[in-house]
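Respectively, the protein sequence lines represent chains A and B.
Be aware that the first sequence starts at 1, since it is given in this note's numbering, and climbs by one per residue.
Be aware that the second sequence starts at 1, since it is given in this note's numbering, and climbs by one per residue.
Hints may contain errors.
One copy or two, it doesn't matter: identical chains are merged, so the pair holds either way.
Stated by the list, open to error - Straight line, CA to CA, 30 Å or less: simulated DSS-like cross-link-like pairs of lysine-lysine:
#	residue 1	residue 2
1	Lys242	Lys84
2	Lys17	Lys242
3	Lys242	Lys163
4	Lys272	Lys84
5	Lys272	Lys329
6	Lys242	Lys329
7	Lys163	Lys328
8	Lys328	Lys272
9	Lys96	Lys174
10	Lys328	Lys242
11	Lys84	Lys329
12	Lys2	Lys328
Simulated from the structure, these hints should not be mistaken for lab results.
2 protein chains.
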Amino acid sequence: MKTEINQDIHAALAAIKDRKITHVFLVACGGSLSIMHPGKYFLDRHSSALTSDVYNGDEFVTRDPRKLGPSSLVVLCSQTGTTKETARAAAHARAKGAFTIAMTLDPASPLGTAAERVVAYQASYTTGVPIDAADSNYGVLYMILAGLIRQVEGVDVVDSLLKSLSALQPAIDKAHLVYADRFDAFAAQFSQAPVIYTLASGANYGAAYSFAICVFMEMLWINSQAIHADEFFHGPFEVVDKDAKFVCMIGLDETRRLEERARDFLYRFGSKENVLVLDARELDLDGIDEAFQGYLVPLIFFDTLWKFAYKLADQRGTVILEDRRYMKKISDY
Amino acid sequence: MKTEINQDIHAALAAIKDRKITHVFLVACGGSLSIMHPGKYFLDRHSSALTSDVYNGDEFVTRDPRKLGPSSLVVLCSQTGTTKETARAAAHARAKGAFTIAMTLDPASPLGTAAERVVAYQASYTTGVPIDAADSNYGVLYMILAGLIRQVEGVDVVDSLLKSLSALQPAIDKAHLVYADRFDAFAAQFSQAPVIYTLASGANYGAAYSFAICVFMEMLWINSQAIHADEFFHGPFEVVDKDAKFVCMIGLDETRRLEERARDFLYRFGSKENVLVLDARELDLDGIDEAFQGYLVPLIFFDTLWKFAYKLADQRGTVILEDRRYMKKISDY
């Protein structure tokens, strides 16, 4: 277990110790953008001094918020570091005098070299073995933000975060066992579905977004949308019938009752066999501080849902991570 | 043409003249939430002193941002004023010491009475005749924000806004003529579609969101998602084939090139007959200041798209504004 945040994060934050940072821009695209949502949730809940925005890389560059300047910290993320929009966003932020920290698997990548500081993280799909959760994209992002809050306003949750991150992998391993049979059943049930929605709120919303756009749409060519659990009741719920298919995340943050309400509606007006519910109350979160459970549950949901994606791909006869029409096949768009 | 912002907005802003407002929360649900996105875009582009967040009503209450307090202005909106989550959000914000302004058709409604100040707006579907655009929800929101920026930091775009709003209705009327034949053709083409996506960025994103969740999903029971024009390339675009159906908005704000890029991709890998493009360059925007065209184009798109919704409903044999399964039919969810 780590007893302090990673050295590169420590050094990046030390470099802005004397700068009055008031605003954090969290900038990325697609799956990397999805982790920024719980990052903002964490900031909203813990900081009274820092405001923040979450933007897609190209939206950030073209929108060019007037606020962006020397008192801004811009945290950017791209798995490979080759996402053009995000690398451009780093250059744009630097030109405006903001301080930039890039998160990427590859510090030598275009994004890694475009930012003033680079923080490497790991992904188990490249290492081939389970990684320390503190070294994942979520883990690194939470460390940057917890370290920043400690530095800027003296609110210190770093110990609790590190302790909780060290207990995450065992919780993920146990979660896989909890969901295995359920995923088999739902993969068969969802095998012909033309549309599957995901549904979440609060710290879980990013995981629901990522699963909708990167897994269902990108890898399985299934139509989808990540529906916010309360927005659901202001339009989207009218598509619900007995055949409507949903993946519902019920987490442990302050917005839990929104997710419960949506699940209850779906159970009542949809069919239980078409509503795949992941409820964090079913999980063994031993060692994860109660204050951090809400923030780490989406990592557990997302990690376990990969198994569901593979099972669903089997049922549909597609090959996940390989079958693509455009991404990395066509380069001139 | 108005030469000054509405009296009730003027009075609401005067009440916070001596308060140091630093942050604006824009809070609502569903269709009313959708207008908050261009509101934030306007703030981002014009203000260096004010930060802002856009939240669904119940997300706002449960997330309970630590920043929320006496230096916050919370602008809330609900058409009927009966949206429970939004009325609760007003009460929550007041309890935290924030200043609250409610926008609603009905000042005597629960939301209207929950906030410290209420600003009434109008909608043509209740008045039965076209309204002055300055009295619409978008118009009133822009006036609040432009008035606030003038008061807080001396940036004055109020004249330009009012002049532009006065030229909006003629532009809308002419836009209907531009789109009439196109909407006929696409209503027939889309009549059997199980899924139709909307696509936009920047100031248009709210209109795309509202059309996806309130029109396609709520009123027509068509599966949908409002896809951000650059996020499109980071997952969603893999669902595109020759049959995929999209409504693309191409506006006049700083993010236009994102929307153009997505349209170009759809024209190339989808089919032109399945991609309904609304390009603001086709419109006659006479009298609307160039600086405000980007902010007012989404009102034109949304207003004209209602016609498309009715035509599509005719083709599908559904009755728009009446056919509902749950909303206002079942009350105990």
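Hints, one by one, checked against the model:
1. Lys242 / Lys84: Cα proximity of Lys242 and Lys84: across copies only (27 Å, versus 42 Å in one copy).
2. Lys17 / Lys242: Answer is neither: 56 Å inside a copy and 54 Å across each miss the 30 Å cutoff.
3. Lys242 / Lys163: neither (43 Å within a copy, 51 Å between copies)
4. Lys272 / Lys84: between (42 Å within a copy, 27 Å between copies)
5. Lys272 / Lys329: between (39 Å within a copy, 22 Å between copies)
6. Lys242 / Lys329: Classified as between: cross-chain Cα gap 18 Å, same-chain 38 Å, threshold 30 Å.
7. Lys163 / Lys328: Neither way: Lys163 and Lys328 sit 38 Å apart in one copy and 48 Å across, limit 30 Å.
8. Lys328 / Lys272: between (38 Å within a copy, 24 Å between copies)
9. Lys96 / Lys174: neither (46 Å within a copy, 41 Å between copies)
10. Lys328 / Lys242: between (38 Å within a copy, 20 Å between copies)
11. Lys84 / Lys329: Within one copy only: 16 Å inside a chain, 48 Å across chains, cut-off 30 Å.
12. Lys2 / Lys328: neither (37 Å within a copy, 53 Å between copies)
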